[in-house]
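S.K.: Listed below, chain by chain, are the residues.
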Amino acid sequence: MVKLSGFIPPAREFRSVLPIIELAVLISALIAPWVLISTPELITLGTNILILSLLAISFDLCWGYSGIMSFGQALFFGVAGYVVALVGRDFGYSYGWGALPLAMAVGLLLSFFFAAFLLLGRRTPSVIFVSLGTLTGAYAAERLVSGWQYVGAGNGMSSVKLLQFGDVEMVEGIGFYHLALFILVVAYLVSRVIVRSQFGLVLAGMRQNEERLAFLGYRIQVFKALIFSFAGMLAGLAGAIFAFHQGFIGPGNMGPGLSTTAVLYALFGGGGTLIGPVVGVFLIETISYFLADQDAIKQYWPVILGALLLSVVAFKPTGILGFFVTARERIGSYGGRR
Amino acid sequence: MSDMLVVSQLTKRYGTLQALDGVDLVVKRNSFHGLIGPNGSGKSTFLKAIAGAHLPSSGTICFNGQDITDASSYERARLGLSLKFQITAVLDELSVYDNVLLAVQASNSLWSLLLSKTRLTLKDQVMSALDRFQLADRADELAGVLSHGEQQWLEIAMALAIGPKLLLLDEPTAGMSPEERRITGELLRPIKEECSLLIVEHDLDFIREISDEITLLDQGKVLDTGTVEQIQNSTKAQQAYTTRV
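Chains as they are written, first to last, in our numbering: chain H, 397 to 734; chain L, -6 to 238.
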């Protein structure tokens, strides 16, 4: 059971801030490439932020909306990345119309496989059981590919074939940035429809009291498995775009390290909202990028970043977004009254 | 009058503790059945076993002619069993309206929920359920800001909104003022036309006023069962309670 903290004012004091933040982030993301056009490395950073935002949203759909603590999002991300890299290498195929749906299917099927074991039992599983199950899966997969020569073992797979749409090859730069932004916006809107639907109301109820919902006639396990699989599909899509963009996929892109980073993105930005993880990725990746470039603190930046993350998670559980958005708005309203 | 619930030789053990010991109980269709007993007599355990929160160690539970002994709680809910918890379990971070909407939409298909097909069409049903328990004016408020008594009513409204054949109420008047208890009784009486009721309650005056039949539990066993008058005159009941039934 997840309890959202923070003062919750009555409905009539409810002010809608989230759409303004969402719009501001979208406008900033649209303007950014034109502002950064002379610094290609920042365009690359921006593209990475967009791709990792998709991964962070996939985690937040599990935890922030549904109370499923998944440490396995990087597993779906990494496996899909490996699959598109292998298909490119062994079959010479990297067309976006086929490769990206393939990655989504891989993420969906793999996460459904995990859901079948971890979530679809007779009784609803505990948070610890699910988190350890997904963590073990991510760890085992990382170890497996680290020793498997066919997929490059510890070196991973480099020179991933470029993503193609017809005759156009997507290389790093503004074109890829816009592709990543388009995919993120579509995935965001679909997720937004889901979490604001009557299905989303069930998730919101489930997050607070699973037992109560079961006594109303909901088979909680099915709802959990569905949202977990959908989130796995988004993580798979993110993994494929990441592999195409970086031209590389390695064991570190599917293990507990990246899974934990996805958790931090969401918690830092603000879980239980879709825009919070995007903000979290932006802040963490940008701060990391600039701190790592400062000679004076180059060696210490992970410590500084760690302290910052710890402070936010410990003292502001609602994340950065919690400073601007009330708990009432994060939880939302689902009925036909408003 | 056929029987809605037939429980036979129900037992429940927690390690060495025998919480229920061969309980037999019958709830008739469209009747109110009270379950009374001293603290620790197994009333709430019995109710939870009926609702599916705990599977019994042995015995059978037959609901509306169907054996549900091994059914999960959501399967029982879908068959028409509805439970109101002893400790209020409204979803306090959701609005009052959304709490009832959750109950009303529980029978919708997944596809319908994803597409929010019934969001508008269920509005009247939700408002009517709230109106019945005097909560219509507070539909937009968060359930967490309601008073204790109002939360109890909201939970009964949710339990009733799924259209149950048998409603299980675990101490619906706990923590209520005398006025709220009186109103609760008035709100519950009309539901006899819709469903049967199995009610656990410590307030013996309340249960005497509302019940058609009463079963007395003590230490996990049925001490006596009968009409209100029979239980009032039961020496077993008088021995179990210092208070007159």
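FYI, nobody ran anything at the bench for these hints, they're computed from the structure.
For glycine and all other residues, C-beta sits at the position ideal for the given N, C-alpha and C.
Any given hint might turn out to be false.
Said to hold, decoys possible - A few chain H positions that, by computed beta-carbon distances, are all more than 10 Å from chain L: (1) 497; (2) 554; (3) 578; (4) 608; (5) 611; (6) 614.
As the list claims (entries may be wrong) - Output of the computed footprint for chain L on chain H, the stretches with three or more beta carbons under 8 Å from beta carbons of chain L: (7) 599 to 606; (8) 721 to 727.
As the list claims (entries may be wrong) - Partner residues aside, some chain L positions facing chain H, computed with beta carbon under 8 Å: (9) 60; (10) 64; (11) 65; (12) 76; (13) 80; (14) 84; (15) 100; (16) 107; (17) 142; (18) 183.
S.K.: Look at each hint and say if it fits the structure.
M.R.: Hint check results:
no. : hint       : in the structure
1   : 497        : 20 Å, holds
2   : 554        : 40 Å, holds
3   : 578        : 23 Å, holds
4   : 608        : 5 Å, violated
5   : 611        : 5 Å, violated
6   : 614        : 6 Å, violated
7   : 599 to 606 : holds (count 4)
8   : 721 to 727 : holds (count 3)
9   : 60         : 17 Å, violated
10  : 64         : 11 Å, violated
11  : 65         : 6 Å, holds
12  : 76         : 5 Å, holds
13  : 80         : 11 Å, violated
14  : 84         : 5 Å, holds
15  : 100        : 7 Å, holds
16  : 107        : 5 Å, holds
17  : 142        : 18 Å, violated
18  : 183        : 22 Å, violated
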